[in-house]
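S.K.: The chain contents come next:
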Amino acid sequence: MSGRAADRRDVGRQRVSAVAAAVLLAFLVIVGQLWYLQVLEGGHFLDASDKNRIRIRPVAAPRGLLYDRHGVPLVDNRPAFTLSLIPRELPRDEQTRDAVLGRVAALLRIPYQELSEAIARVPADSFLPVRVRRGLSLEDMARIEEWKLELPGVIVEVEPQRTYPSSRFAAHLLGYVREASDEQLRHGRYRRGDMVGQTGLERLLDEYLRGRDGGERIEVDALGRPVRVIQHTDPHPGAQVVTTIDRRIQEAAEQAMEGRPGAVVVMDPRSGDVLAMVSTPAFDIDQFTGTIERSAWLRLVQDPDHPLLNRVIQSQYAPGSIFKIVVAAAGLQEGTLAPGDRVHCDGEFRLGTWTFKDWKEEGHGTVDTRGALAHSCNIFFYQAGLRIGGAAITRYARAFGFGQPTAIDLGSEKFGLVPGPRARRRGSSGWQAGDIVNMAIGQGQVLVTPIQVARFMSAVANGGVLWKPRLVQRVERADRALLWSDPGQVTGHVELAPAVWAFLRESLWAAVNDGGTGAGARIPGLDVAGKTGTAQTIAKSRADRGQDHAWFAAFAPARAPEVVVVVLVERGGKGGQVAAPVARKILNAIFFEKVAAVGLAG
Amino acid sequence: MIGIDRRLLLNVDWLLIGGAAGLALVSALTLANLHVGRAGGTVAPRQLVWAAVGLLAMVVVASVDYRRLVRAAPLLYGLGLAGLVAVLVAGRTVSGARRWLAVGPLTVQPSELFKLAFLLMVVWLLVARWAQPLTAGVLACLAPIVGVPFVLIIRQPDLGTALLLVPLTLALLVGAGVPWRRLAVLPALGVAAAPVAWLALKEYQRERILVFLDPVRDPLGSAYNVIQAKIAIGSGQLLGKGVAGATQSRLAFLPERHTDFIFAVFAEMWGFVGCLVLLAGYALLLLRGFDIAASARDPVGRLVALGATSLLAAQILINVGMVVGLLPVVGIPLPFMSYGGSSMLVSMMALGLLLSVRMRQFQ
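Chains U and B are the protein sequences, given in the same order.
In this text, residue positions in the first sequence follow our numbering: the first is 1, and each later residue adds one.
In this text, residue positions in the second sequence follow our numbering: the first is 603, and each later residue adds one.
In isolation and in its complexed conformation, chain B is listed as follows (with noise of 0.2 Å):
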């Protein structure tokens, strides 16, 4: 077993804790009131075993001291590139996407896990000795380490994930200190690079681009989630219709209604007031995640609780925004929400980092 330091049980952050147990059980209850998979039963159940072992995956990663992690981050890289390369090449194919990897009884998303992964390689990339201080040549190792799996993500094809690691890259970059102008280069790349994007996307995701932008293009077509959300979420209006109420989640005019589209699900049925109570319920969650960095011992710790925290951060806002309409869609799912084991393991092993520099921030 691995051995725990009696003072660091005293500095375990019950918020963090608290507050995933929570989200899990407000994800259990709306989809326990959500019928679906084929017999039409529900997945609450499921997804509360998955809570409790992310819970369990928590502790664990919790109690491994975060330095050691970014010291051994080249190899769990390493590993995850080659899940990324083993789902290309043997992966299963749901709707149209091969995305997981069957171990055994269960099927796991690689990427899903590499996020993890990609996190700690970059902060160990911006705290190696050798790299201070952090010049523009040192930056520019980082282009393989995010372009590598960036490709390979989008090659399952799973352009959401892949977008995923641009912010993430960018928020580490902001708290390892590089200079604001060195820090501006980088849209001016990004606005460069679009063209060759928009060249390298899949047909489907070129035209939910389009119709985010144009929703009436085709009403019954690709725009059909954006407007079935749209619906859902302002039918909710100021104190929701309650869960009998909910027609467009229960009737299952609403599609990914227990996966990506799920905040939709819990707007119609809370409207406004519940929402807030959520998003509210996020930002702690959240804010104690930046005060972690804010006051973490060492840089290390600062940047692995900056990068956890962004990563979670980037996962909500790009899936909320989806769901209400402010951003093209892109499969994401809601950490802690959405119905699903990677991400439910993955959001809780985030927090189990953060758990791991609060409580050694005294140490």
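Bound conformation, chain U alone (with noise of 0.2 Å):
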């Protein structure tokens, strides 16, 4: 082999050599970046990893049901279905994301611009399914399955959901459940797509109703298939609610006010416990279960009939002639009136330079305070409220709570009033005679609402006790255990003699079966005690005027009472004519189709 080849051969090894160089540098750059990745960064990757494939599926748990003093539930949960959209699995090209969400659209007919903005608040990558649409129907329900290939991150998930005896079943006091809104997300409590109770038990008692979610966490392939669930918690079901209200009474109740404006409660008078709550018109509770359309929902804020307001806590009114009731009875404690007390009623009282009428034009003639109360002579309290001084009236009135709330487990109670002695004139101490006769009919600045007069007149049927309203006997979980009761309360006591007590309900009697305003409560075979009351309103317009607030508050039987009923008819008319005859049909039906029930459920 001759030297240049020689030479060649290692210049051939060399370059070689370089290229080897080359290729083993070229490894240790990508050990390097293995390096980095798998050692300095791999905790990082890993976490992207677990959240690549493990989705965490929320599993409602069902809303604790609510049931009456007897174990009837009040509502209960059915599966409903619920269209979600899952961000991250819709289709990643906007066009194509919007054409599925055009679909939907158009398939359940709703507003396309509703999904656009449910999907514009989370970000685009979430996994977790937004609640687009509550309360969808099976045939909605069957349209998104049967095109489902063409509709990725498109779901529908079941979920437990409210249902009612009947759509406006105890609207008030249930109260409506409706999605978390932005104010209460922004307190944090609540995520988003959380059912919370808005009103009422439900929201007095969300805490214990709403129960806990469980959730799934499942692992999924690379198109969002489950693979397997790697871990399950079960959701705890919410606690279950026994109420003091009686269904059978409810119903009645509502039935005997259907399309009259107003309220009713009824009580027991040993113990406070609220059988029912009724204030009309009432809202369709069931709407808000779904998803509530804007438009309805301004209809029921804007409606002039408040359907959401609460009449029975939220809406005072004068009491009328039933404060006669406190007046008697404030007078004949202080001995400024008395049992056997008469009057002459020409139908007219003249104070000064005023004229005061009784409702009865041509007067009651001569009465008695039995018969003034039973006839509910207006001239004869006049005088005896006069007598008797504005200081002692109202001195009665707050003990028997007129003026305060009764502290009733729902929110936003009025408080009522009870006018003070210079409520009126500033600089002038002391009552003007008008204010106080004024006061002695009911009339003038006293307002209360009808669970007040639920409760004073209780305290008339039981003797003085003043019981804070229930609603809530106990709160227990589904194993039974007790989390929460209210063994009742008594806020307060009225001192009178027992003379005084026993001439009332006598009198409150006799306003019933002895010829007074009562009569249209009568009930033959049953001892009804009640008092009629015709508030007075400012006409609202001319074709308005005389329509006064009717009202009827009575208990039964007389001589041991076991409910009151207390009914207040909006812009009904006279007491007796209008809100009598209602409270009729309530007493006759808690005591007389009582059997009857029973009968046809044995």
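Hints in this document: simulated from the structure, not taken from any laboratory.
Glycine included, C-beta positions come from ideal geometry on N, C-alpha and C.
Do not take every clue at face value.
To be verified - Example chain B residues on the side facing chain U (calculated, C-beta under 8 Å, incomplete):
| # | residue |
| --- | --- |
| 1 | Ala-773 |
| 2 | Gly-777 |
| 3 | Ala-834 |
| 4 | Phe-892 |
| 5 | Ala-895 |
| 6 | Pro-901 |
| 7 | Arg-904 |
| 8 | Leu-908 |
Said to hold, decoys possible - Here are some chain B residues the structure puts well away from chain U; computed CB gaps all over 10 Å:
| # | residue |
| --- | --- |
| 9 | Leu-612 |
| 10 | Trp-616 |
| 11 | Val-645 |
| 12 | Leu-650 |
| 13 | Asp-667 |
| 14 | Phe-752 |
| 15 | Val-798 |
| 16 | Gly-943 |
Fit chain to chain and form the complex, with the hints in mind.
M.R.: Pasting the structure below:
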């Protein structure tokens, strides 16, 4: 081999080594990158891979049920279909995604905007389902399932949803359940899409009723198809609530009020238990369980009849002649009025330059205290009131709980009003005779709520015990373990001589059964005692004139009262003509339809 | 049958054969844990069949004297070009690329087989008697030899294979002893050609390069592969997640996981340590190849061995480099590991060339 050839060979070897060196260098760079990815940043990428494969699917806890005092459910849950979108699984390409949303909108006949707005609120790579629309019909659900393959990221979830015996059943008492509002989300206690009790008992007891959502950690493949369940946490169903309501009485009371605006309270005077609570007009409570249309919501809020208002606790009215019981109690106890006091009523009463009229133009003739209560004679009470005095009347009114909230377990209760002596004219001390005269028949500035009247009437029936109105007996877990209970609470006591109590009860019995104003509530075979009231209102318009609020407050049986029924019909007219018959229907249902109902059930 | 000198058998390089067989086995084991294909089955058995066929092809290539192969290079190169043209005319299109040609029941990738013909052709030119010494004029003859197939392959389009011709040619020029200063001209030429090449690229190829430069450009689109591969590799950490825990791979987050991205699967399963072992295996194989080149008894053998080694090295480095996010994504399989018959066959045949040189080292 020549030297030159050997040289060439050496050069060749060097060149091969050069290439080999370059290759080895490249290997080192790759090893460096692997070190960075796997060792330095490995933990970060491990998290990312878990996030890739694990989805958390919430499983909604069924909301706890509310029962009446006999264990009859007031609400129930049923599986309902909810349309949800999973942002991450929607098509990535904007045009295709819009096409998918457009198709969903067309299939369900809902505004496209609703879908796009819901999606815009959450990050585009989120795996959590965004609940877009609740309460899909079976047909809607079928339509979506039919197109399933062309609708990636669109799912129909099954959630437990409230269902009610009838669409307006105890709407104000139960309250509605609705998706957490933006305001509630800001407080951080709820997650988007949570169903939250917004009013009534649903709101009061939300913490107990909501339960705890369960969830599933699901491993999915790249197409989002579930591969296996890694972890399953059962939802904890909400606690059940035993209320004091009697569903049968509640239904009877709602039926009796049908078509009349106003309020009914049925209370057990022996315990303060609220057996029924009705406010009319009511709203369609089941309208809220699905997705309520904005227009329907606005219609409710702007309705001049205020269907969302719970008139039992949130509306205050002049008590009218019902207040005469307070005046009589004050006078009799203080000795400024005697059962035998007589007044001749000719329909008019003059005080200085003022003339006060009786509701009965020709007058009642000569009446004693019993007759004045039974026939609701204004002239008698004008004079009695002046004798008794404003201070004593208001003192007794407060003792009977007027002017103070009843502390019933529902929020936003109105206080009512018992005026003070100087409430009217500044600078002059003491009671003005005109004010006293007005107050003596429950007009003027005195304001009461129906629930206050029920508490007051219960005290008359039970001999002076003021009960806090009780709505909830107990809250218990699904396994019956007691979580909370309300043993009942006495908030005050009115001390009157036994003879005075007996006299009042007898007079109220006479109002119904001895030719008094409450004759409309008379039921053969049942001793009903009661007092009518007609609260004058300021006419809203000419046509409206004379449409007074009609009151009737009753208890029965008169000798050993078991129930108090308070009826208020807004702008209904005279208490005796309008409210008393409503009370009669309710009392009739309570005492005489009970057997029939039990018989049917048996 | 091809007659084999008894002495040749004494010089059979068992390390090469064993290394290749070992890598093919690792490939089959990795593939056995991936459910791919329409029925969700595994392709591991098919890969083993291809490895066996490849080993046979390796023996066949090794038994032929490499000098005869180089002499036949113009013919092989011509056949290769014909194959590339045929694929453009009558090829089967799979996911937008026309790379496969149906031959009976099989589909072959002419561009894969062409790589070997190309390698022999360049060697043929560089060692041709008339071409010595290697002047600029001679080197200019290389331009059409590289350029024509480059354009044909890029038209398929198969950017990866086309680009592979560049480092291969470069390595052969270095090995042939072309002076460094003359080689220095080539990068300059490359820079000059870059804008032209950019315009010649398909839209998706440009997008891949842009995504490589800026991965968050489109996290659910083009960058998806890159991000998912990084997650797979990174989440393997030091020791790997094992076969069962390799969720990225098994749950199919990783696209092309049985072909171009198989390294990411391996990295997720076996971690940094496993990667080191695998890369060491490749490095060992390549170093043996360079050793064979360095100790070849003639320039022809040296260049053939260097070319075969460089071909494998370039594929390994570009594939792993792209999977670990160091290079833009171009479609290049990982020799011996990626699923695919053509790739396995060609990689084995490249080893066959090395064996051929090795066995005739002392002839």
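S.K.: Indicate, hint by hint, whether the structure satisfies it.
M.R.: Results for each hint:
Hint status for B/Ala-773: holds, given a least beta-carbon distance of 5 Å to chain U, under 8 Å. A hinted interface residue such as B/Gly-777 counts as satisfied when its beta carbon comes closer than 8 Å to some beta carbon of chain U; here the least separation is about 5 Å, so the hint holds. Hint status for B/Ala-834 relative to chain U: holds, with the closest Cβ pair at about 7 Å, below 8 Å. Restraint check, B/Phe-892 versus chain U: the minimum CB separation of about 4 Å is within 8 Å; hint holds.
Hint status for B/Ala-895 relative to chain U: holds, with the closest Cβ pair at about 5 Å, below 8 Å. Taking 8 Å as the C-beta contact cut-off toward chain U, the hint placing B/Pro-901 at the interface holds, the least distance being around 6 Å. Given hint, B/Arg-904 at the interface with chain U, holds; its Cβ is 5 Å from that chain's nearest Cβ, closer than 8 Å. Hint on B/Leu-908 holds. Least Cβ distance to chain U is approximately 6 Å, under the 8 Å limit.
Annotated as non-interface, B/Leu-612 keeps its C-beta farther than 10 Å from every C-beta of chain U; the closest such distance is 23 Å. Residue placement check: B/Trp-616 keeps its beta carbon more than 10 Å from all beta carbons of chain U (closest about 21 Å). Under the 10 Å C-beta cut-off, the non-interface status given to B/Val-645 relative to chain U holds; the minimum distance is some 18 Å. For B/Leu-650, the condition that its CB be more than 10 Å from all CB atoms of chain U holds, with the nearest at approximately 26 Å.
Every Cβ of chain U is farther than 10 Å from the Cβ of B/Asp-667; the closest lies at roughly 20 Å, confirming the non-interface assignment. Annotated as non-interface, B/Phe-752 keeps its C-beta farther than 10 Å from every C-beta of chain U; the closest such distance is 21 Å. Chain U leaves B/Val-798 outside its interface by the beta-carbon criterion, the shortest separation being 26 Å against a cut-off of 10 Å. Consistency note on B/Gly-943: stated as away from chain U, and its beta-carbon is indeed over 10 Å from all of that chain's, at 26 Å minimum.
Going through the hint list in order, the structure satisfies each hint without exception.
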